[in-house]
Amino acid sequence: MNNVKLFESKNIRSVWNEADEKWYFVVEDVISILTDSNDPKQYVKRMRKRDIELALGWVQIVPTLLVETAGGKQKMGCANTKGLLRIIQSIPSPKAEPFKLWLAQVGSDRIEEIENPELAIQRTRETYKLKGYSDEWIVDLNPPSL
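This note's numbering puts the first residue of the sequence shown at 1, with every later residue one more than the last.
Treat the hints with caution; some may be incorrect.
Said to hold, decoys possible - Below, a list of computed lysine-lysine pairs in the DSBU-like style, where the Cα atoms sit at most 35 Å apart:
id: 1; residue 1: Lys75; residue 2: Lys45
id: 2; residue 1: Lys95; residue 2: Lys73
id: 3; residue 1: Lys10; residue 2: Lys45
id: 4; residue 1: Lys129; residue 2: Lys41
id: 5; residue 1: Lys100; residue 2: Lys22
id: 6; residue 1: Lys22; residue 2: Lys41
id: 7; residue 1: Lys22; residue 2: Lys49
It is worth saying that the hints were derived from the structure and are not from the lab.
Since we're looking at a predicted model, the values are computed, not measured.
Whenever a hint applies, use it, and build me the whole structure from the sequences.
Right under this line is the structure:
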């Protein structure tokens, strides 16, 4: 099962990986969009030289998967969402900066929620309401006494 995601009207090829039941995205497509590089393969090589820790974990972060291309299925380096976020951290490009800021904010929010679980409950309620769900599913743990 293959799919193409759009980001700023540019294609990011993706593939569903049955092994871990997650979507994986072609790393070269993401690099191309976030860096405007004409040669994303060379960009990745330079990035891995700059970020030794990323290079050491590359095989685990970026498995080679069969991806549908114009010329038929080809093996390409792909990453799931977690892997892409790690890769984006290593991209010194103004186009990657909004993702880095978003990632920092999400990380900060989740740490606050660990310290104060009520914040997580509030976020969950807000998310459900934005999606159009009622909050009838929430059980009141402190019902009023009779």
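Checked hints:
A C-alpha spacing of about 18 Å is found between Lys75 and Lys45, which places the hinted pair at or below 35 Å, so the restraint holds. For a cut-off of 35 Å, the pair hint linking Lys95 to Lys73 stands: about 30 Å separates their Cα positions. Among the hinted pairs, Lys10 with Lys45 is consistent with the structure: their alpha-carbon atoms are about 23 Å apart, no more than 35 Å. For the suggested pair Lys129 and Lys41, the alpha carbons sit about 43 Å apart, so the restraint of at most 35 Å is broken.
Between the alpha carbons of Lys100 and Lys22 the distance comes to roughly 22 Å, so the proposed pair stays at or under 35 Å and holds. Our distance criterion of 35 Å between C-alpha atoms is met by Lys22 and Lys41, whose separation comes to about 24 Å. At roughly 28 Å between alpha-carbon atoms, Lys22 and Lys49 fall within 35 Å of each other, so this suggested pair holds.
Hint violations for this structure: number 4 only, all remaining hints satisfied.
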